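Asks: Next come the chains, spelled out residue by residue.
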Amino acid sequence: QKEVEQNSGPLSVPEGAIASLNCTYSDRVSQSFFWYRQYSGKSPELIMSIYSNGDKEDGRFTAQLNKASQYVSLLIRDSQPSDSATYLCAVIGKGNNRLAFGKGNQVVVIP
Amino acid sequence: DAGVIQSPRHEVTEMGQEVTLRCKPISGHDYLFWYRQTMMRGLELLIYFNNNVPIDDSGMPEDRFSAKMPNASFSTLKIQPSEPRDSAVYFCASSWGGSNVLTFGAGSRLTVL
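Protein chains in written order, with the numbering used here: chain A, 22 to 132; chain B, 1339 to 1451.
With the rest of the complex left out, here is chain A (with noise of 0.2 Å):
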C-alpha cells in the first residue's frame, strides 16, 4: 500500500462550483497533514496544513481530517479558473521529517 493514496481522475468542475479533493495514508501515527498546489510547468506551493481532526477553513479553501478513518480531504469553495492545477496530499509521519506526496489530483475549473 503507497504511503499517501490519491486515486481519482482529473476532476472537472464549472466555475462557483465546489471542487473536493480526497487522500488516503497509511501510516496510523502520522501527524501532520498539508495540501499544495501545482501549476502546470511549475514548482508545488503549500495552500493548507492540518494537523488536528476536523475542519480547517483558509479563504476558499477547506481541509478535512479524520485520523481514525485516515483520510484528508480539501474542498474549494467558489471555484474559479486560477484554481486549475494539480493538487498533492502530503502527509510527516510521527517523529520524523519526511513529508510523503500522493500523485496528485488535477482539477480543471470550466469557465
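List of simulated lysine-lysine pairs, BS3-like, C-alpha gap at most 25 Å:
(1) A:LYS88 to A:LYS23
(2) A:LYS63 to B:LYS1416
(3) A:LYS63 to B:LYS1362
(4) A:LYS77 to A:LYS124
(5) A:LYS124 to A:LYS23
(6) A:LYS77 to A:LYS88
The set of hints was computed from the structure by calculation and includes no laboratory data. Just so it is clear, the structure is predicted and the values come from calculations on it, not from any experiment.
Once you've looked at the hints, dock chain B against the given chain A.
Replies: Just chain B now, with coordinates in the frame of chain A:
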C-alpha cells in the same frame, strides 16, 4: 530572500554521462530535501538533510545516485552514470525544522537520451 535556487533549470545529456544538480536553500532553513517527479511515480523523496547531515536516503534509487551538503548554503545531487530512466524533474526544497513546511525550488528538468 530569493527562495530556493536550483541549477541548471534544464539539462539534456546522453546516457552514461555524469549529471550534477545544484541547490541553494533559503538562508536559515535547517532541512534540505531532494525530490524527483515523474508522471508515472509522482513526487518521490530521494534524500533529506538536517544541519548538513543526511538523515534519510532510503529513497535514493541506486548507487548511481549520490547527494552531498558540504555547508548550509549548498547541496548537490549527482547521477553517474546517467540512464534514460533518470529523466525527470528534480526538485530541491528547504524548510525550518519546526515548521515542516517546505519551500520548493523551480526544479531541474533532466532529459537523458
